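Asks: Protein chains in written order, with the working numbering: chain W, 1 to 507; chain G, 1 to 507.
If you are wondering where the hints come from, they were derived from the structure by calculation, not from laboratory data.
Given the structure is predicted, the values throughout are model-derived calculations rather than measurements.
Honestly, I wouldn't trust all of these hints.
For chains that are exact copies, the list does not tell them apart, and a pair is met inside one copy or across any two.
[To be verified] In the DSS-like style, the derived pairs of lysine-lysine whose C-alpha atoms are separated by at most 25 Å in a straight line are:
1. LYS4 - LYS45
2. LYS19 - LYS65
3. LYS13 - LYS110
4. LYS170 - LYS92
5. LYS45 - LYS460
6. LYS144 - LYS92
7. LYS17 - LYS65
8. LYS226 - LYS45
9. LYS227 - LYS110
There are 2 protein chains.
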Amino acid sequence: MEQKLITNPAIIKLLDKYKVLWSLNHLSALAHWDLQTYMPEEGAKGRGESLAKISSLSQTLFLDKNFTSLIKISEKENLNYYEKGIIRLLNKTLKYYQNLPPEFIEEFVKTTSEATIVWQNAKEKDNFSLFEPFLEKIINLSRKKADYLGYKIHPYDVLLDEYEEGLTVKDCEIYFNSIKGPIISLLNKIKNSANYKKSHPLENEPYNLESMKNLNNKILNFLRNKKDIRIDISSHPFSTHIGPGDQRITTRYSSKDFSRPYSSLIHEFGHALYELQSEGQLDYTPISGGTSLIIHESQSRFWENFIGKSKDFINLFYKDILNLSPNFKNYTTQDIYEYLNIIRPSLIRTESDEITYHLHIIIRFEIEKELMEDKIKVKDLPRVWNEKYRAYLGVEPKNNSEGILQDVHWSYGSVGYFPTYSLGTALSTMFKFKMEKDIGNLPNLIRNKEGIEKIQAWLKQTIHQYGSAYTFSDLTKQVTKEAFNPKYLLDYLENKYNVLYQISRKL
Amino acid sequence: MEQKLITNPAIIKLLDKYKVLWSLNHLSALAHWDLQTYMPEEGAKGRGESLAKISSLSQTLFLDKNFTSLIKISEKENLNYYEKGIIRLLNKTLKYYQNLPPEFIEEFVKTTSEATIVWQNAKEKDNFSLFEPFLEKIINLSRKKADYLGYKIHPYDVLLDEYEEGLTVKDCEIYFNSIKGPIISLLNKIKNSANYKKSHPLENEPYNLESMKNLNNKILNFLRNKKDIRIDISSHPFSTHIGPGDQRITTRYSSKDFSRPYSSLIHEFGHALYELQSEGQLDYTPISGGTSLIIHESQSRFWENFIGKSKDFINLFYKDILNLSPNFKNYTTQDIYEYLNIIRPSLIRTESDEITYHLHIIIRFEIEKELMEDKIKVKDLPRVWNEKYRAYLGVEPKNNSEGILQDVHWSYGSVGYFPTYSLGTALSTMFKFKMEKDIGNLPNLIRNKEGIEKIQAWLKQTIHQYGSAYTFSDLTKQVTKEAFNPKYLLDYLENKYNVLYQISRKL
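Just chain W, same shape as in the assembly (with noise of 0.2 Å):
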């Protein structure tokens, strides 16, 4: 028989009562996926206006006191650690709910639905004009914010700490200045190495859409043959949990530079296994699908660069990526596996290298930090914006479709979400670590479905299982049996280019 993982009856009575949250956070979800994939854009006033009474509900049902009570109720018993981390979270959501007016959450609800289909629309315009009163209001609210739910030292931190548990503008910092360096000199060994190619034919090769559209199916096929996945288009990929055996994610297509759609699938679907092998036993609960961002991006990253860039899970789909087009016939495994890896400054992030993808999350942190202190004006963004990215990547945009208006991220109301994405991947390095002193070499995995299934299971049993019972550090600790930190991203970058670079490594 299955051992029961919550058991303590003040906690069952409490997730009883959860499920109505529960049930409109599901919901909430759908109508996020779908905003972005399928609503007519007329819809998106109605859709807005429904997103914020819904949200506001959500808060009225939190605070009632028959759930609170029940909360309290609860913490004072002896829990195990999932039981725990119901508590947790939920005490969480309630100091936010507790300090946020509906009146300012519906605001910020609206405001951000609307804004979503705002930002595609300028974004396919070119016109940041259409999004900057969008964008403005929302760094206003995110000031807001901040101000009601306090902060010790920086308004930022508020807004980091809510996509990552304790996160603050000091350990972004910390980071960040121990990455920066390393890696800009790095960039420079490999701008300067003989191999350096500033463009690669690949990139211009244009592929035919349903065989894309059939390679990326046949990927998502191999790496989860289930009936609970899907993958829809969307201006900006993501992956979203609906709810059990309900998983989401998209990609977008254009006409040329295969690796994007590729990329991004493979990148999409770790996040979505995260949220698909957390414990059955936690459905609708709060703890149910992946822990933190730090934590779910070390995951995306890990199928993106350890596994979906490697030579030998190129092999495995060879013969469909030959067929994308009549022109692919000429290329090795190994044009494909450098493509894949080529290093060199560019502008947009999600499809940038592994190096540079760093300097690309520095300079949205430093936005956002400046903005957050309103050092910097929302109608300089795109000044601003072009100025970083001549200064740290020494490219700058021809237009703002592929400079500030690139990411989907504040258009919801994301702010404080980026440093995620570089913590995370420096964390993945560190999984990637312990999992080959525990299974074995990826290569050696990656060669069939087999090794892809071992792969997984270790995943399944070192971090998915547990769904968000654990913080982000805790966990960490649990799988390296180490604090997070950041030399596995370097020593990972430095070996993996210095071959691929043929530099000759430093003594």
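Based on the hints, put chain G in the right spot on chain W.
Replies: Chain G in isolation, oriented as in the chain W frame:
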């Protein structure tokens, strides 16, 4: 300045509180749409749990004294017909919620959400036994519902009333008895005419899927050139109003017989237009959108039969129809017209002709009535169904997929819905008569976009704009200046098909 339709302060206050209920309806509608279009199969259980919780939450919020007392206060006010409509519909829901226990509603919603997926599967696999236990449960729940809501004469009256305010078994029997004889006799005349054909070559012509989708998109774009509507694919075509500016219709494609996706698109468009042309001031209120299923069906059948099946409309898209496959090139407009209007007994209701259609409905009405009376058992339905098809239509299903499993409705829990299809079709002929008196004969209007716009404007002006402010019978009287009368249907059928089959008219 636009005239305000809703001005009573008590009603305005009531509507403000209603908005959260509207939001829950909005998200539930989306969740139901998704259930039938994109949801991964494994998500069915979670979706059912959520929809069940949300429906009982709606009930709780509706029955909150702060809300119900506002209804009671408002109804004593001096109200205009929009405001009266709001109170009428809220009182209908109030009665429903006051009489049905929350556990019952939860069970009903959970059962029917799951059953929709099970039905899809059962239909695909031609396996009635998969669906049987769910249908058994749904019929039992429907009987229970009738008991809870109470009835004077027949338990089926309660279910009929749910879909069409005030409709009774008696009404249906009078109506069906009045049309059954004439329809069977007209059918026999046609079957005995020299021009009767049991089959038509077009029914076996395969079409190119992409060309068919293009044709449907082109038609939809011609009928409605706005970003407030979309087409997707589902097992059973339907139209659903998600929110302001967000209307979804579905169709299905097989490999041959273009008339199915063609006619179902135009049918569902008729439903969609009714919702979309409801006065914008009624958005977010209980009286936004179609007032009654009979009126709704009068709209969908209007477009399907009088527009889509007309020679003039075929002419507008003749070139695109020829493009459906190289085989089409030998068919003339007249061939296509004759095919779309071919009369012959067949198995599938949604694909049946204008005459036998009503016999399909009579079969369902009789079965539902007898199920409610417990005179027949769910397990015997395949046999009963097939017997009735043999008796009324002289055809018999080869399997249950084209028999008892063909319609989605029972899986939703929609028992009592079918009669509105026939009644609505009859009503459409009354509206056609009146419209032609007002703006001229349809053939002259269907020739171009301007004419189609005139038709849409007439429908908006006389029917759509009012949303649900009026009941079916009040609106019918207001539009046609007389009471519902099936003679228009019989006259229409006689006139049209006597010409088409060159039958000498009765004296």
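Asks: Now, for every hint given, state plainly whether the structure supports it.
Replies: Verification of the supplied hints:
1. LYS4 - LYS45: between (44 Å within a copy, 20 Å between copies)
2. LYS19 - LYS65: Both. Shortest intra-copy (16 Å) and inter-copy (24 Å) distances satisfy the 25 Å Cα cut-off.
3. LYS13 - LYS110: This pair counts as between: shortest inter-copy Cα distance 21 Å, intra-copy 33 Å.
4. LYS170 - LYS92: within (21 Å within a copy, 59 Å between copies)
5. LYS45 - LYS460: Between copies only: 23 Å across chains, 40 Å inside a chain, cut-off 25 Å.
6. LYS144 - LYS92: For LYS144 and LYS92, the Cα distance is within 25 Å only inside one copy (18 Å; across copies 43 Å).
7. LYS17 - LYS65: Result: close both inside a copy and across copies, 12 Å intra and 22 Å inter.
8. LYS226 - LYS45: Between copies only: 15 Å across chains, 35 Å inside a chain, cut-off 25 Å.
9. LYS227 - LYS110: Intra 33 Å, inter 20 Å, cutoff 25 Å: inter-copy only.
Every hint from the earlier list agrees with this structure, and none is contradicted.
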